[in-house]
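Colleague: Read top to bottom, the protein sequences are chains A and B.
Under my numbering, read the first sequence as residues 1 to 253, first letter to last.
Under my numbering, read the second sequence as residues 1 to 229, first letter to last.
Source of the hints: derived by calculation from the structure; they are not laboratory data.
Check the hints yourself; a few may be wrong.
[Said to hold, decoys possible] Now the stretches of chain B that chain A is said to cover, found in silico as 3 or more residues with beta-carbon under 8 Å:
1) 128 to 140
2) 159 to 165
3) 181 to 188
[As the list claims (entries may be wrong)] Facing chain A, a subset of chain B residues (Cβ under 10 Å, in silico):
4) Asp11
5) Pro48
6) Phe60
7) Leu66
8) Leu80
9) Gly85
10) Ser89
11) Phe90
Even for Gly, the Cβ is constructed at its ideal location relative to N, Cα and C.
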Amino acid sequence: MKYRTIALTLTILCFAADAHADIRFGIANEAYPPYTTKDASGKEIGWEIDLMDAVCQQLHEQCTTVDIAWDGLIPALESKKIDVIWSSMSITDERKKRIDFTDKYYSAAASMIGAKDGVAGVTDEQMKGKTIGIAVSTTQSAYFQKHFADIATEKSYATVDESLQDLASGRIDYAFADTGPLKEFLKTDLGKGCCEFKGTVAADDEILGAGVGGGIRKGDEELKQKLNGAIKAIRANGKYAEFNKKYFDYDPY
Amino acid sequence: MDFSWVASYADLLVRGAAITFLLLSISVSVGFALAILLAVAQVGAFFPLRWLSRGYCTFFRGTPLLIQLWLFYYGLGSYLPFIPGLRASFLWPILREGFFFAALALTLNFAAYQGEILRGAMASVPKGELEAARAFGMSPGKILRRIWLPRAIRIALPTFAGEVVLQLKATPIVFSVTVMDLYGAAYKIRQDTLLVYEPLILVTVFYVGLTFAITQVFQKLEKSVPSRR
Chain A
1 MKYRTIALTL TILCFAADAH ADIRFGIANE AYPPYTTKDA SGKEIGWEID LMDAVCQQLH
61 EQCTTVDIAW DGLIPALESK KIDVIWSSMS ITDERKKRID FTDKYYSAAA SMIGAKDGVA
121 GVTDEQMKGK TIGIAVSTTQ SAYFQKHFAD IATEKSYATV DESLQDLASG RIDYAFADTG
181 PLKEFLKTDL GKGCCEFKGT VAADDEILGA GVGGGIRKGD EELKQKLNGA IKAIRANGKY
241 AEFNKKYFDY DPY
Chain B
1 MDFSWVASYA DLLVRGAAIT FLLLSISVSV GFALAILLAV AQVGAFFPLR WLSRGYCTFF
61 RGTPLLIQLW LFYYGLGSYL PFIPGLRASF LWPILREGFF FAALALTLNF AAYQGEILRG
121 AMASVPKGEL EAARAFGMSP GKILRRIWLP RAIRIALPTF AGEVVLQLKA TPIVFSVTVM
181 DLYGAAYKIR QDTLLVYEPL ILVTVFYVGL TFAITQVFQK LEKSVPSRR
């Protein structure tokens with residue numbers, strides 16, 4: 001009798017889990033303000049979370065977030081622990097070999113910040129002999145390899161956060177990352193004290209052009225179409241602009 | 001299994017392996033020298049030194065290596081730029097690198113553990129041998145150099161081999177302060193190629209290989225040091 005009760009409970013639990021077929025959004029558990037970060041109570045907040053809410057509202061779907069280490073996101077997607085990667089992942093050819101992407105939902109503009117007493121600007125001449133902190137395997141790292149590798153030194157960091165820490169303590173001359181998080185850092189006390197915006201690097205569509213999109217399992221066409229439709233819809237009906245106002249004074253799309 | 005990336009990352013991997021080996025060599029050799037001083041201070045009669053050495057060992061053995069590393073790199077290291085003139089001096093290129101702090105933390109940590117082990121070994125050298133040395137008229141310094149330390153090191157040697165292996169396995173944390181060691185190289189390859197297991201398997205083989213080499217060297221060393229069992 002006891003075993004039957006347990007078996008029955010388990011069956012019900014399984015069905016219950018199935019009935020709430022939420023879309024699970026995988027988010028890297030490192031802080032990446034203003035896109036994704038956690039508030040004091042551990043709740044996910046940020047630009048991308050607002051975007052996710054708007055998309056899910058548009059789709060009339062239940063959405064949940066799943067915390068995963070940045071380098072575990074693609075494996076987690078492939079092993080079906082999550083359905084979408086929603087974590088400022090740039091659309092690159094290398095990644096496209098493993099996963100699909102939705103249409104872009106924002107454009108990755110690459111900028112540099114540096115110490116206030118350093119030179120201003122981001123031209124080749126000004127980069128000469130400088131040490132530039134870049135998070136491993138980002139579009140910025142690819143950009144560096146193509147444009148600055150001969151004249152400057154790259155210092156690799158596991159996260160953007162750590163490169164900013166080292167910039168503040170004077171160990172590197174520039175931090176090279178996505179514009180959003182850099183501007184966010186410059187608003188903090190630490191950032192205000194040490195550093196200033198040096199500029200956005202020259203466009204390179206081959207590396208920076210594709211933008212940031214949601215990562216989708218290969219062959220999951222249905223979800224891809226749904227999300228693409230929702231992104232298009234919230235661009236058109238003003239929802240995107242509405243929550244974007246909270247974070248940026250420009251349109252990052 | 002896909003190992004087609006090895007050729008294009010060979011340079012990074014070799015440099016990473018060299019950094020790992022360099023960190024291990026520096027921390028083991030300098031750390032061992034420090035450990036001798038610590039052990040001698042602890043068995044010595046001069047009590048301020050004894051307490052200082054004991055406090056040092058307790059502190060470094062009582063805190064996680066990762067925290068020590070970050071205290072040095074993010075704590076101490078972030079105040080260095082405020083020392084007037086340091087940023088312009090010839091020392092800055094060394095002091096701004098994570099490598100310096102990684103070597104420092106690994107060395108001090110290794111010294112603390114070895115100091116404790118060596119202290120124990122010195123205490124377990126048979127009293128009779130030291131008394132015999134004294135009966136020959138040797139000075140305390142000479143006893144230390146000729147009898148006490150060599151005997152203690154011989155006693156600690158098997159433990160020492162294990163400690164060096166442990167030290168090797170402690171090195172990957174240096175990547176958290178931007179040192180591109182072997183693990184750092186593997187991390188970068190994993191991020192670039194999106195391969196999960198292959199880079200890890202390759203570095204595993206390297207670590208196991210190096211461990212095997214270390215144990216071989218110590219076995220030779222143990223055999224070459226005469227001992228009465």
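Colleague: Now tell me, hint by hint, if it's right for this structure.
Modeller: These are the hints, each one checked on the structure:
1. Three residues within the 8 Å Cβ limit are the bar, and the region 128 to 140 of chain B against chain A gives 0, so the coverage statement is violated.
2. A count of 0 residues in the region 159 to 165 of chain B with a Cβ less than 8 Å from any Cβ of chain A is obtained; the coverage claim is therefore unmet, three being the minimum.
3. Restraint check on the region 181 to 188 of chain B versus chain A: 3 residues with Cβ-Cβ distances below 8 Å, three needed, restraint holds.
4. At about 13 Å, the closest approach between the beta carbon of Asp11 of chain B and any beta carbon in chain A exceeds 10 Å, and the interface hint on this residue is violated.
5. Among the interface hints, the one on Pro48 of chain B is violated; its C-beta lies about 35 Å from the nearest C-beta in chain A, farther than the 10 Å criterion.
6. Look at Phe60 of chain B: its Cβ only gets to about 24 Å from chain A, farther than 10 Å, so that hint breaks.
7. Contact between Leu66 of chain B and chain A, as hinted, is not supported at the beta carbon level, the nearest pair being about 13 Å apart and thus beyond 10 Å.
8. A cut of 10 Å between beta carbons decides the hint on Leu80 of chain B: the least distance to chain A is about 8 Å, and the hint holds.
9. Residue-level restraint check for Gly85 of chain B is violated (minimum Cβ-Cβ distance to chain A is 13 Å; threshold 10 Å).
10. This hint is violated: Ser89 of chain B has a C-beta 13 Å from the nearest C-beta of chain A, more than the 10 Å allowed.
11. Proximity of Phe90 of chain B to chain A is violated relative to the hint, the smallest CB-CB distance being about 16 Å (cut-off 10 Å).
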